[in-house]
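Listed below are the residues making up each chain.
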Amino acid sequence: MASIFDILGPVMVGPSSSHTAGAARIGMIARQLFGRQPEKAAVYLHGSFAATGKGHGTDKALIAGLLGMRPDDMRIPDSFQIAQEEGMEFTISPKDIREAHPNTAQIIMEAEGVNTMTIQAYSIGGGRIRVCKVDGIDVDFSGESNTLIIRNVDEPGRITDVTGALSKARINIATMQVFREKRGGSAIMVVETDQVVPKETMDELQSKEGIIRVKFLHAN
Amino acid sequence: MSYRSMEEAQERCEKEGIEFWKAVQMEDGDERGVSEEDSWKEMEHMWHAMLDSLDSYDPELMSGSRMVGREGGLMDAYRERQDTLCGDFMAKVMGNALKMGCNNACMKRIVAAPTAGACGVVPAVLVTYYREYDVPEEKMVEALYVAAGIGQIIANRAYLAGASGGCQAEIGSGSGMAASAICHVKGGSTAQIGHACAMALKNLMGLVCDPVGGLVEVPCVKRNVGGAFNAIAAADMSLAGIESQIPVDQVIDAMKEVGDKMDVSLRETGAGGVAGSPRAAEVVARMNMKS
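Order-wise, the sequence lines are chains Y and C.
Reminder that position 201 of the first sequence reads as 242 in the working numbering, one-by-one numbering, no gaps.
Reminder that position 211 of the second sequence reads as 386 in the working numbering, one-by-one numbering, no gaps.
If we strip away everything but chain Y, and leave its shape as in the complex, we get (with noise of 0.2 Å):
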């Protein structure tokens, strides 16, 4: 249900609320997701976002993401030559994604002393989104809560892990879903909470064998 808020708003950067401030956002959780700025990033169009992305900034937007920028940014018109002056490497490709909607973005982040990452999501107008795939694993979650990524390994025990951590620091799960790329292969969990988790809940999850990787999204 549409809130007074997407009735009006977002304020953004024109022309499109879906090709244009969507596509800024995500870039942009695509940035949070990644941890820091990617030295290269691969975009890849699919759909109408490489058919109509260019006359309405997507390329543009994608990338202002990418360094960091909201969908308000007044500098999205410019992220190319930011990136640049930021040292961003970028390349923008059109690409037939299979069974993607249409408009659907991939995004292939590299930095020196981190895995590279794999980002696909869609835009679903009104600048709302969702992310739909993680490193080749399916996904969906928009960014609007507060959201906990878990990458591990498919085995016994990694959700209990989660929950415990998170029940002992009194935070409430408001959705969880977990998905797999096979058995007993690598899976991810996400996690929506009502609250914020705090540093020393990442901590300790990350220490846990069995689990690779621990991100976590600000609601915004």
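Hints listed in this document are in silico derivations from the structure and should not be mistaken for laboratory results.
Treat the hints with care, as some may be off.
What the hints assert, rightly or not - Ranges of calculated distance between the beta carbons of each label pair, as one might list FRET restraints:
#1 H220/C - G177/Y: 37 to 45 Å
#2 G177/Y - Y253/C: 56 to 64 Å
#3 R139/Y - A460/C: 43 to 51 Å
This one's a predicted model, so the numbers in the text were calculated from it and none came from an experiment.
Backbone N, C-alpha and C define an ideal beta-carbon position, used for all residues, glycine too.
We have chain Y already, so just place chain C on it with the hints.
For chain C alone, coordinates are given in the frame of chain Y:
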């Protein structure tokens, strides 16, 4: 739950003896769990963003396709010659609608209302009136609640996206929202707010979404003028005591029915309407050559 009909909202207003904008604000508080004060601050922020956006217009700037950008400046210059057909106030409304549309096309900051393509309608009506008639700012923030509440009812019963229901859902809804909002500013009752919206929606019913090259430029920028003029006409009719014979909720349902029947080529695909004209094909070919 937000209001699903104007009838429901009006009943609450009558029962509790409150104005429509207040009913919208109270519902927002309940739905998102925020205080009335925080909700008000957020809405005030939207109002200021509209004022700032209008002031940021640059008549020298053109969109990437170079199809739009100068219209706001041209209208200002024409108005200053004091020889417009529609008079000074309406010429200002026109200029402001164009400026917001151009700002959006030129990647400047705007407030989607309800969409980016229709972002000029509500501020063209409200900001122009505010600056012309020295109204307290609180009244304008109230008016934005009215606009948002109306938009929410349209969203709940029909839609606000050109891809779903054509331009009637974007400029049409923006016009309905603006008509209701200015009607409130002028002291209209909740019933009159509903009639203003109904008349504005009816006048734009069937409007198709046919952006040239799929860009939010042609005919979008100028349609903001159509939406704003129509809103003021509908509000004035309502304030004159003219009523919509069809209740606003049923008008919204009719708009949905029309949108559902609209061919896909007329719903933001850049294929039909003026987007399908020979000139549009030339423009698209020229843009492709450039890129």
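Against the structure, the hints:
| no. | hint | in the structure |
| --- | --- | --- |
| 1 | H220/C - G177/Y: 37 to 45 Å | holds (39 Å) |
| 2 | G177/Y - Y253/C: 56 to 64 Å | holds (57 Å) |
| 3 | R139/Y - A460/C: 43 to 51 Å | violated (30 Å) |
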